[in-house]
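Trainee: Let the sequences and hints guide you as you build the complete structure.
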Amino acid sequence: MSENIIELIKENVIQGRITRDDEGIEEDMAGQPGVTELVEEALASGIDVSEIINKGLTASMQAVGQKFETGEYFIPDMLASAEAVGTAMEILKPHLEKSGVKPKGKILMATVKGDLHDIGKNIVSILLRGAGYMVKDIGNNLDTKDIVKAVREEKPDYLGLSALLTSTMVSMEDIIKALEESGLRDKVKIIIGGAPVSEEYAREIGADGYGADGFHGVSVIETMNGHN
Amino acid sequence: MIRKGIEGGSYKPLTPEDISRINDTVLSTIEEIGCQVNSDTALDAFKRVGASIDSKKRRVRLPREKVLELISKAPSEVTLCGRDEKYDIHLGGARVYTGTGGTALYIYEPTTGERRQATLTDLKDISRLVDKLDNIHLLLLPTYPNELPVEQVDVNRFFAGLDNTSKHIMGGVYTIDGMCEVMRMAEMVAGSPEALRQRPIISIITCVISPFIIDEKYGDMIVAAAESGLPVVCPSEPLCGATSPVTLAGNLVVQTVDSLMGVILAQAVNPGTPAIFGSVATSTDLRDYKYIAGSVEMGLLNAAGAQMAQFYKLPYYATGGMTDSKTLDAQSGYESAITNLLCALSGSNFIHDSAGLMEFAMTVCYEKYVIDNEILGMVMRAVEGIKVNDETIAYDLMKEIGPGGNFVTAKHTRRFMRKEHYQPGLSDRNSREKWDEKGSHATWEVAAKKVKSILESPASSLPDEIRKRVLSEIKSIVK
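Same order as they appear, the protein sequences are chains A and B.
Residue 240, in my numbering, is where the first sequence stops; the numbers in between run on with no holes.
Residue 488, in my numbering, is where the second sequence stops; the numbers in between run on with no holes.
Certain hints may be false.
[Claimed, not checked] Here are the in silico distance ranges between beta carbons for each label pair:
id: 1; chain 1: A; residue 1: Val182; chain 2: B; residue 2: Val397; range: 40 to 50 Å
id: 2; chain 1: B; residue 1: Asp473; chain 2: A; residue 2: Glu38; range: 30 to 40 Å
id: 3; chain 1: A; residue 1: Gly77; chain 2: B; residue 2: Arg438; range: 12 to 22 Å
id: 4; chain 1: B; residue 1: Lys447; chain 2: A; residue 2: Gly43; range: 37 to 47 Å
id: 5; chain 1: B; residue 1: Tyr343; chain 2: A; residue 2: Glu38; range: 34 to 44 Å
id: 6; chain 1: A; residue 1: Glu38; chain 2: B; residue 2: Phe416; range: 17 to 27 Å
Calculated from the structure, these hints are not laboratory results.
Since the structure is predicted, the reported quantities are computational estimates derived from the model, not experimental observations.
Glycine is no exception: its CB is placed at the ideal position from the N, C-alpha and C atoms.
Mentor: The structure is reproduced here in structure tokens:
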């Protein structure tokens with residue numbers, strides 16, 4: 013029974029079906045339970061949370077990653093699967109401590125002042141949730157002081173900063189300085205991303221890491237987190 | 010997702026007035042100029058349906074009503090069956106399918122840049138390749154096995170096809186005896202003579218010689234093919250300025266007359282014969298009168314042929330997709346793409362020669378089959394056009410997403426992305442860095458890898474028992 017539900021969770025993550033109403037890639041899947049319903053069912057039937065995470069969610073994201081690598085899956089497929097895992101993690105959140113599962117970490121995501129572009133940041137957020145992180149997206153066009161305030165209040169392990177414009181990326185440097193002045197810089201690792209940003213720029217302004225794209229961003233954080 | 014049999018016809022080089030004028034001239038030509046018939050069996054068949062015959066000149070003329078009456082006996086829909094039912098194709102209307110073509114004598118090898126003679130092994134390997142290329146819907150036997158004596162060519166060619174792909178096999182024949190042997194073999198493969206008529210897994214290509222000649226041998230073949238009840242293609246190949254007027258309209262008249270004479274002859278022999286109206290019309294190189302296979306005029310002529318076929322309600326065999334290039338260069342790509350696209354958009358039922366051929370149709374190239382398969386995938390997507398309905402216009406979705414939002418994670422995106430967007434199987438869309446990392450390969454090099462992997466995979470051979478029976482009963486098949 014438990015193996016059966018885990019298998020179904022896995023299959024539905026691969027199909028990117030969050031709820032019963034979602035279509036999958038295969039035909040005629042709408043109407044059958046999705047990841048939300050299946051995870052709830054798994055919890056109700058007393059299946060261990062770590063088993064749900066390891067065998068149901070993590071394993072299926074690996075399969076999705078492979079399908080993406082071979083070209084069978086597109087970005088929207090990958091995101092649908094990651095969203096399904098993110099939703100599952102939300103449901104499992106209250107049960108983590110009780111089951112002795114250590115959360116992977118909390119990440120704050122923001123697009124800097126003057127920049128309204130948020131597709132990139134949203135994609136990275138979804139992928140990070142799919143990798144099992146708790147992600148808080150605080151929005152776009154944010155003042156430096158608001159980002160500092162959020163870091164103080166939320167106490168994230170990582171801060172992800174995004175910018176699409178060369179004219180706005182300069183405020184990344186201001187944010188890092190402001191965090192230093194507030195005594196928060198050593199409490200959070202800062203990863204930056206966006207089209208104009210580079211590895212070199214990250215080093216220059218004193219960020220901890222740089223993600224060339226969503227997948228790279230996730231792997232940078234995974235490495236910092238000691239998961240790779 | 011494989012696109013085949015999609016309704017084309019959005020491209021119409023001829024106006025309804027043009028079609029009516031061409032038809033009128035075609036009927037006058039058959040009524041007044043007539044056609045020279047060098048085959049006795051064909052001449053007899055025309056006599057039986059009341060044609061006026063000038064015996065001395067062997068000239069056959071038919072009144073226009075008679076012509077239209079005989080055309081109306083030909084089925085407007087013809088199904089060409091695959092050995093595997095999933096490959097059945099239903100010619101008629103403006104539905105579009107594609108296939109290979111022939112008959113080439115040489116193989117071009119891009120790795121060495123050399124051209125060599127085609128052998129029976131090549132024919133088998135190309136059949137295996139075509140079996141796995143999804144955008145090529147039937148196999149028209151593409152090469153001539155140079156090492157065989159002519160009496161053995163027909164049966165060996167069809168066996169090479171039948172034993173290496175479960176798609177439909179169409180092919181030209183070189184001798185009447187050979188054709189009969191091919192039919193006997195196909196009956197064994199189908200299970201019985203009746204089974205073959207019910208599900209014709211092979212079809213025969215004949216020809217009418219432009220302008221206005223039914224040849225002795227090919228006339229006999231049209232008669233024999235019609236008697237067999239198998240689908241028969243009656244194409245004609247007028248060349249602008251050589252065997253037809255240099256003008257495209259004049260060429261269209263000659264092509265229509267000649268192909269219709271074949272269709273009519275088949276109906277005269279055996280009313281109801283599945284006869285396919287066919288065009289191989291093209292232009293010539295006016296500097297030396299060479300046959301040309303990649304001209305834009307060829308695309309126009311064969312697209313217009315589709316309109317004429319639709320006018321007569323006959324299934325249509327068009328010619329497109331070739332190139333005159335000697336190598337896999339830009340010319341090879343654009344000539345193949347443009348002629349295929351024009352034929353397909355006009356609703357040509359079956360585009361023959363649509364893959365693999367180059368150098369005035371004398372040469373085929375393994376890698377080019379893979380490249381043309383990609384062209385055809387794009388062409389078929391173009392035929393499909395743009396669907397406009399509540400779901401595709403997506404107003405509700407736009408309302409939900411609003412200004413500045415994005416459609417990356419919308420369910421609508423996943424629901425339609427695969428259906429609406431052709432996904433290349435060959436074209437490179439990597440960034441320069443990624444492309445460099447993968448070896449900076451040109452298209453043909455990637456195609457060569459695909460050829461290799463397909464030829465290393467299992468073939469769609471004939472079932473063992475049938476294969477044994479065919480080989481034991483037909484001795485002329487080279488094992």
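Trainee: Work down the list of hints and note, for each, if the structure agrees.
Mentor: Evaluated hints:
no.	hint	in the structure
1	A:Val182 to B:Val397: 40 to 50 Å	holds (45 Å)
2	B:Asp473 to A:Glu38: 30 to 40 Å	holds (34 Å)
3	A:Gly77 to B:Arg438: 12 to 22 Å	holds (20 Å)
4	B:Lys447 to A:Gly43: 37 to 47 Å	holds (42 Å)
5	B:Tyr343 to A:Glu38: 34 to 44 Å	holds (39 Å)
6	A:Glu38 to B:Phe416: 17 to 27 Å	holds (22 Å)
Violation of the numbered hints given earlier is absent; every hint is satisfied by the structure.
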